[in-house]
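Add chain G to chain Y, keeping to what the hints say.
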Amino acid sequence: MKKLPIPDWQAMKMNKISAQPMTALLFAGGILNSKLGFALCAMAVFAPMFASRAIRAAFWAPARPHQGDPASKPVMSRRRLLLAYALGAVILGGSCFDLLNDTEHWPFSQYPMFSETRTGNPPFEELRLFGVTQREPLSEFPLDRNEYLEPFDNSRMPDALDYANQTHHLKVALENCLQRYDDLRASGIHQGPTLQALRLYRLTWTLNAQADNLNSPDRKELVAEVSEPVSRGRAR
Amino acid sequence: MKSAGQRWNYFWFEAVSADNLGLLRILLFGSMFLFYVLTPVLFPSWGWHEDFTLWGKASPVFWSPVWLIAKLHLPPLSTNALIATQLVWRAALALSCVGLFTRFSTAVSFLLGAYLMGIPNSFGKTHHLDQILVWAFMVMAFSRCGDAWSMDALIRKTRARTASEEEDPPPSGEYTWPVHLIWVISAMVYCESGISKLRHSGIAWVTTDTMRWFLMQAYYRVSDTDPLTSWGLALARSRWLSSALGGAALLFELGFPIALFSRKARWVFVPGVMAMQIGIALVLGPNFYQMILCQGMLWVPWDQVVKRLTTRYGSRKTYGLIFDGACGLCQRTIIVVRSLDLLHRVEFLDAANQWPPIEKRFPGLDRERCLAEMHVCTPRGQIRTGFYAYRALAWVLPLGWLVLPILYLPGAAWAGSHVYSMVASRRHRGACAMPRLAPLAEPSLPNAAKTPYTR
Chain Y
1 MKKLPIPDWQ AMKMNKISAQ PMTALLFAGG ILNSKLGFAL CAMAVFAPMF
51 ASRAIRAAFW APARPHQGDP ASKPVMSRRR LLLAYALGAV ILGGSCFDLL
101 NDTEHWPFSQ YPMFSETRTG NPPFEELRLF GVTQREPLSE FPLDRNEYLE
151 PFDNSRMPDA LDYANQTHHL KVALENCLQR YDDLRASGIH QGPTLQALRL
201 YRLTWTLNAQ ADNLNSPDRK ELVAEVSEPV SRGRAR
Chain G
1 MKSAGQRWNY FWFEAVSADN LGLLRILLFG SMFLFYVLTP VLFPSWGWHE
51 DFTLWGKASP VFWSPVWLIA KLHLPPLSTN ALIATQLVWR AALALSCVGL
101 FTRFSTAVSF LLGAYLMGIP NSFGKTHHLD QILVWAFMVM AFSRCGDAWS
151 MDALIRKTRA RTASEEEDPP PSGEYTWPVH LIWVISAMVY CESGISKLRH
201 SGIAWVTTDT MRWFLMQAYY RVSDTDPLTS WGLALARSRW LSSALGGAAL
251 LFELGFPIAL FSRKARWVFV PGVMAMQIGI ALVLGPNFYQ MILCQGMLWV
301 PWDQVVKRLT TRYGSRKTYG LIFDGACGLC QRTIIVVRSL DLLHRVEFLD
351 AANQWPPIEK RFPGLDRERC LAEMHVCTPR GQIRTGFYAY RALAWVLPLG
401 WLVLPILYLP GAAWAGSHVY SMVASRRHRG ACAMPRLAPL AEPSLPNAAK
451 TPYTR
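Keeping their order, the protein sequence lines are chains Y and G. Counting from 1, one number per residue, gives the positions in the first sequence under this note's numbering. Counting from 1, one number per residue, gives the positions in the second sequence under this note's numbering.
Same shape as in the complex, but just chain Y:
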């Protein structure tokens, strides 16, 4: 498989969201925004705690016999106790790191979905693929059914195309989509019409609660287009 340069896509996505100045104070003004800073701060919190004999005793207590009964069996072995703590530290520590840094290292995450503010009804933009069935006069339809381009679904496809655009591979990506549409059609997965070309539009709407402008976006801007190769087109 041809290897492609992989940009820091997660960071690019996160940068779209800016932190609120007030709440940013909760995150120590960015001091923790590096692995080293995070580790040092974690150590600064835990080191004094472990200097305390009482905390050390509480830490090892499950691996010791019950107080007043030296013959009793401890509820955990030392090895298993350390394993349980290590597992918790990895999962919870990784999640805290992502939360503090506002980054995502799947399966760790800061769960940023639906977290942006939308004030004053801003326009809604979306990349959407259209299949061109005829050029003169132009006849096109939105590829809005999941089976047209599976395994990509309508939720993932716009982001995947956005990513391809960022990495300057949009044309290759669209050609792949067109090929995929044809292949799925040939194998009977969908019964969509034959395409002459594939177009990627950026659609913009002003949202309203009646959704009466659903089929008439405010703006429809062509981002890219790929055509069916002549040889393949004739072959059908």
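These are calculated hints, taken from the structure and not from any lab test. Just so you know, these numbers come straight off a predicted model, no measurement behind them. Note that CB positions come from ideal geometry on N, CA and C, so glycine has one too. Any given hint could turn out to be false.
Stated by the list, open to error - Calculated from the model, a selection of chain Y residues having no Cβ within reach of chain G, i.e. all distances over 12 Å: (1) 38; (2) 40; (3) 42; (4) 51; (5) 188; (6) 228.
Unchecked claim - Below, computed lysine-lysine pairings styled on DSS-like, alpha-carbon distance capped at 30 Å: (7) G:157 to G:307; (8) Y:73 to G:157; (9) G:307 to Y:73; (10) G:57 to Y:171; (11) G:71 to Y:35; (12) G:307 to G:264; (13) Y:220 to Y:171; (14) Y:171 to G:71; (15) G:71 to G:57.
Stated by the list, open to error - Listed next, the stretches of chain Y that the computed footprint assigns to chain G, with coverage defined by at least 3 CB atoms under 8 Å from CB atoms of chain G: (16) 116 to 124; (17) 168 to 175; (18) 206 to 213.
Chain G alone, transformed into the frame defined by chain Y:
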């Protein structure tokens, strides 16, 4: 008054029986096995997402691996390789559910699950519905979730050489920390989501039109899962209602960690977040069915539920099982039946070592015949033998309910009787006698003098 250290250790390492963790293992892996196997077939409109093999055909041009996959330099596999991987993963989920080779199968469930769930997220967009599963599988893989309610536990008991080995494992902190760690992870997922909203939007997330905008946007965007209803648009017509909805969601997300410490709060927050996620599917579109299932199972004390059920249904009349206590194979069978007898409806009577009281109770029974094949005395006073004894027991062993329809299929009785006769006739040759079982309680069977042998 407990110190903070004692409270900490009580929360994480309280000595409890292995039952709750074992039951959670069955439900978690069982439900996910069924979810990932059945939804692509039963609900193809969205369930096809749960079939990971389709990603073998996706173009590498879209490949933007998530952190874990990039870090481990894992490639996207071909379709055939994904089919094999998914098959092994599903088998591992099933084995984890029944608790066979539990350590190994839970580890495979976690490792392959992390890879498979990471694959779709490496093609353009990260969804956040399956991370909790990855973590739950990971915790289960490191836990001793196979110590109870598992095939491994049954096998261990049948191989036991001492009476103590036959018993359930003693209460331990080993059975507390995995459940509570998954609780904490689950609470953190919601809390982090709430903190992210505050971080990026502040309280404006509630006070502005944000929620209203999301409700409307759900009907404009094309998505893999459209909102199940058009209620979102109706809600969006009211600014106050939208904001109230947003405020409630934020409150539940930020407040969810309280459920860790307060039993009363659990009654509010757990159904609250489940309702919130059902609401998201109804008005916003994205479905989090795996998370809803997880939440539904995680917080229920299943051992208490089973205890209540056994108390309620366990007091009914019992079945008497008369077996050859001098036969090793019979002893092992009895250990298995005893483990499966969750409702305590079977009474075990050893014909080899305790014949006089049995004879006194059931004068119509023949000792030689009782030693030759297993007998079951039903509450109605009927006597079943051999295969028919097993079939009678299947009515009172909860696990037996699963095989009950098979046992009544045409020909099952004929085949079952032949297999039983074959095994019974050879049993003394290959098996060694086991140490005697614990003394039996005084039988409380219906006095079935001159009980006829029936089938």
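Going down the list of hints, with the structure as the test:
| no. | hint | verdict |
| --- | --- | --- |
| 1 | 38 | holds (15 Å) |
| 2 | 40 | holds (22 Å) |
| 3 | 42 | holds (16 Å) |
| 4 | 51 | holds (15 Å) |
| 5 | 188 | holds (15 Å) |
| 6 | 228 | holds (17 Å) |
| 7 | G:157 to G:307 | holds (22 Å) |
| 8 | Y:73 to G:157 | holds (22 Å) |
| 9 | G:307 to Y:73 | holds (26 Å) |
| 10 | G:57 to Y:171 | holds (18 Å) |
| 11 | G:71 to Y:35 | holds (16 Å) |
| 12 | G:307 to G:264 | holds (21 Å) |
| 13 | Y:220 to Y:171 | holds (19 Å) |
| 14 | Y:171 to G:71 | holds (28 Å) |
| 15 | G:71 to G:57 | holds (23 Å) |
| 16 | 116 to 124 | holds (count 8) |
| 17 | 168 to 175 | holds (count 3) |
| 18 | 206 to 213 | holds (count 5) |
Of the numbered hints stated above, none is contradicted by the structure.
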